[in-house]
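Sequences listed follow chains V and C, in order.
Just so we're aligned: 262 in the numbering used here is position 262 of the first sequence, and the numbers increase by one with no gaps anywhere.
Take any residue in the second sequence, note its place counting from 1, add 1000, and you have its number in the numbering used here.
Misleading hints may appear alongside valid ones.
[To be verified] Part of the chain V face toward chain C, derived, beta carbon under 8 Å: (1) S332; (2) A334; (3) R336; (4) P347; (5) G354; (6) L366; (7) G368; (8) F380; (9) I381; (10) L386; (11) G503.
Hint data in this document are derived by calculation from the structure and do not stem from the laboratory.
Positions of the beta carbon are idealized from the N, C-alpha and C atoms, including for glycine.
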Amino acid sequence: MTSGQTPAVELRELTKRFGGVAANAGVNLRVKAGTIHGVIGENGAGKSTAMKLLYGMLRPDAGDILLGGTRCNWASPADAIARGIGMVHQHFMLAGPYSALDNILLGAEPVRRGVIDRPAARRKLEALAGQYGLSVDWDRPIEELPVGVQQRVEILKLLYRDARILILDEPTAVLTPQETASLFENLRKLRAEGKTILLVTHKLKDVMSFTDRVTVFRAGKVTGEVATAQTDPQELANLMVGRKVVLGLHVPPARPRPEPALEVAKLSLKGGAGSRHRLAEVSFAVRRREIVGIAGVEGNGQSELVQAILHPRESRCRTAGVVRVLGREVTSWAPRKIRELGVAVIPEDRLLEGLLPERPVRENFLLGLQRSRAFSVAGFIDSQRLSEAASVAVKEYDVRPPDLDLPAGKLSGGNQQKLIVAREFQRQPSLLIAAQPTRGVDVGAIEFIHQRIVAARDGGAGVLLVSSELDEVLTLSDRILVMYEGRVVAEFERGRVTERELGLKMGGA
Amino acid sequence: MKRIIQPVLAVAVGLIAGLAVTWGAGENPWHVFRILVKGAFGSGYDVGMTLFYATPLIFTGLSVAVAFQAGLFNIGAEGQLTLGALAAAAVGAVWPGLGSPLAPVLAGAVALAAGTAWGAIPGWLRARRGSHEVINTIMLNFVAAGLASYVALYMIKNPDSQNPETRPIGAGYGLAHFGLFGGAPVSAALPLALLAALLVWILMGRTALGFEIRAVGQSEAAARAAGIDPGRIRIIAMALAGGLAGLVGIGEVLGNSGRFILGFSPEYGFMGIAVALLGRNQPAGVVAAALLFGALHKGTAELDLETEHVTREVSLVFQALIILCVSADGVWCWMGRGERWSVGASERGAGGAGGREMRWK
Ligand SMILES: Nc1ncnc2c1ncn2[C@@H]1O[C@H](COP(=O)(O)OP(=O)(O)OP(=O)(O)O)[C@@H](O)[C@H]1O
Ligand SMILES: [Mg+2]
Chain V
1 MTSGQTPAVE
11 LRELTKRFGG
21 VAANAGVNLR
31 VKAGTIHGVI
41 GENGAGKSTA
51 MKLLYGMLRP
61 DAGDILLGGT
71 RCNWASPADA
81 IARGIGMVHQ
91 HFMLAGPYSA
101 LDNILLGAEP
111 VRRGVIDRPA
121 ARRKLEALAG
131 QYGLSVDWDR
141 PIEELPVGVQ
151 QRVEILKLLY
161 RDARILILDE
171 PTAVLTPQET
181 ASLFENLRKL
191 RAEGKTILLV
201 THKLKDVMSF
211 TDRVTVFRAG
221 KVTGEVATAQ
231 TDPQELANLM
241 VGRKVVLGLH
251 VPPARPRPEP
261 ALEVAKLSLK
271 GGAGSRHRLA
281 EVSFAVRRRE
291 IVGIAGVEGN
301 GQSELVQAIL
311 HPRESRCRTA
321 GVVRVLGREV
331 TSWAPRKIRE
341 LGVAVIPEDR
351 LLEGLLPERP
361 VRENFLLGLQ
371 RSRAFSVAGF
381 IDSQRLSEAA
391 SVAVKEYDVR
401 PPDLDLPAGK
411 LSGGNQQKLI
421 VAREFQRQPS
431 LLIAAQPTRG
441 VDVGAIEFIH
451 QRIVAARDGG
461 AGVLLVSSEL
471 DEVLTLSDRI
481 LVMYEGRVVA
491 EFERGRVTER
501 ELGLKMGGA
Chain C
1001 MKRIIQPVLA
1011 VAVGLIAGLA
1021 VTWGAGENPW
1031 HVFRILVKGA
1041 FGSGYDVGMT
1051 LFYATPLIFT
1061 GLSVAVAFQA
1071 GLFNIGAEGQ
1081 LTLGALAAAA
1091 VGAVWPGLGS
1101 PLAPVLAGAV
1111 ALAAGTAWGA
1121 IPGWLRARRG
1131 SHEVINTIML
1141 NFVAAGLASY
1151 VALYMIKNPD
1161 SQNPETRPIG
1171 AGYGLAHFGL
1181 FGGAPVSAAL
1191 PLALLAALLV
1201 WILMGRTALG
1211 FEIRAVGQSE
1221 AAARAAGIDP
1231 GRIRIIAMAL
1241 AGGLAGLVGI
1251 GEVLGNSGRF
1261 ILGFSPEYGF
1271 MGIAVALLGR
1281 NQPAGVVAAA
1291 LLFGALHKGT
1301 AELDLETEHV
1311 TREVSLVFQA
1321 LIILCVSADG
1331 VWCWMGRGER
1341 WSVGASERGA
1351 GGAGGREMRW
1361 K
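Turn these sequences into a full structure, and let the hints guide you.
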């Protein structure tokens, strides 16, 4: 164990460049042992890069990493793991079809006489899981488990390898409030046992309630370090962005037009194999110039609902119901025709559904618009116009770095999201379906995206907002529908419900 | 830049390794190398034969590359080209009276159609029935071979020949040979192959359809979410792949033998996989790789006569070594000390494993 004085982790003048971009330009960071240390900063500020350097996944161009005062020079994550560092990535690194158990063992297989000793590993893991109350279905393929459980698996993976220093990169971005609460409860337990935790996050609320100290990144540098007890969210937000940020946007009330942008009538979906939830007689309408928020714990039918609206033909298990988009019944339409009516979509899972990670930003900006009149003439793509529009949009939406040739997968998470938002708004939508639109996005960008959504509404679009972020639903929605087990169980007008009430309804009360 | 240097280096290393093998077999590698170069490029006729061998490889290489861009592995180019050639020969044998230019155009179009259909079948099976195209294309290769034997031996058999082949096509079908190459059967099929490469390049890089094909190959989920129908795109891509392979029949039947001869292809379809791999699934790369393999095929043919210890089969050794060098991705990575760690192939559990299969770099 390290003494009280020497920090458990210290980064000194850490520098890392990618081509022309200095992702880290002299990062200094000290973390005391046995604390939860928050790391915050704008999208692309270099948080993940610093963490990957610490974890040995990237090698610094200059600077030092010190653990308990001794200098370390990792050649690979294996070295870092051997020294007790563990990391849960912003985008999980799990092998989809393998079971939870095998995912944990992967890379650290307990071998006895040349074969993997699964029973022994299982016993050890079950003990660990019991100790922290992290229950997991060990034998199901990991891809079938909810994200919250996938994350538990990632954490158990670290504990199984006896990590003493845990790095969590935006662990709560994809979690429900309940899952978040239980995660932090566990982190506290781990802290009490003397583990050191680095928590990268965009959620100032979480920073305020669970960390001991906070380090703020901006543009590859550390711009401040404060004790959590001596700061407040507004100050942190300002430190992050370098200007005054409006937390809690004021949204003027809607003046909806009578005609609906989206109507869903008595939509029912039988659950297919593997998915528990279905939709039961879901009916609602989104008028033009109105934002309807769907609140609910993830996995209560929201994803199925969005799928049923956008891919009505493929929703094979649909038993009944009608979907009308902008006055047209689309229940048997091809997805492309629906999108061409003027439907923009911000998908829930940006890496999987929103982007071609290996393709350049330019092509990602084209995705879905490749047959639009803006960019194509008789099936040929007008690359000149595409480049122009893409560079304008990248500037307007502040995607950093503004490099059209960079593979989209190399943008930081929040910048990927901004790219998707930029692309979808390019359609000038009459109906916008936004699922978790600000997941993993920094406070400045949240403010920006929220303003855009409200502007789209005021420009005449109907907006269906699906979010597990209560704040977001409460701020933006003119009406709120609560989904629970595939049903709409409650409906509220703007301002007529408190966070508490909403939380209770979401829990099925 | 790296995209060009890497395969060129790989070819060089592969060739050197191959020459080392001949040295191990008791030959003077320098001598072998000279025979190869002379065999492939020594005279107008030799160059012509190199081009003649390269032509079908351009078609099959493009075929594999187009399918691959859509994330599909076309092992079926062999069957597709067999059917294309058979169809062209059948048209020529059944209506021998037609004259040029209608005759060759008709036969060519039929070859294209036959290959297209033969490619579309596994595309449809994959898209709508979910059965894997690798298995289906392999099986269809056997079906095509069987079908070709039946037609050639029982339906339009050549009565004047002991060989398993169809009746000769009518005189109006034949394609003239370019005089430049000392009698080598270099016909209009070569410029057609280059044109095909150009068209594929335009399709893939410039059109909405090409973009959709690549999008499906990159990420099915993202393409689907963007309103693209991945099934439809897969069928189109496989049909295109099949059509490209089917065009092999033009050079072989109309431009060379004037009939369908069973077993005429020294496995051009499978060599197409290697060509696409070496050419990095890019049309220009495919053309270059096809020329290389054509030259190897021609050059090594001389080894039978001119050397004591090695025969033309060394060609396969060279091919294999070159492919090994090209696919040694890890080595290249290590040499470039790339940041492969950072954006892992399997970010985010669910998408990872699926997206990972068969990713050529
Ligand atoms: N492999 C890479 N190649 C090129 N540029 C990269 C690579 N990885 C990161 N970058 C760039 O480095 C910068 C810092 O990225 P990083 O992922 O560290 O940001 P972040 O602070 O974690 O942001 P976010 O909150 O959005 O996750 C970004 O501009 C990003 O585009
Ligand atoms: Mg990050």
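Consistency of the hints with the structure:
1. S332: 14 Å, violated
2. A334: 7 Å, holds
3. R336: Where the cut-off is 8 Å and the nearest Cβ of chain C is about 4 Å from V/R336, the hint holds.
4. P347: Nearest chain C Cβ about 5 Å off; hint holds.
5. G354: Cβ of V/G354 sits 6 Å from chain C, so the hint holds.
6. L366: It holds, given that the least Cβ distance between V/L366 and chain C is near 7 Å, below 8 Å.
7. G368: 3 Å, holds
8. F380: 5 Å, holds
9. I381: Interface hint status for V/I381: holds (6 Å vs cutoff 8 Å).
10. L386: 10 Å, violated
11. G503: 28 Å, violated
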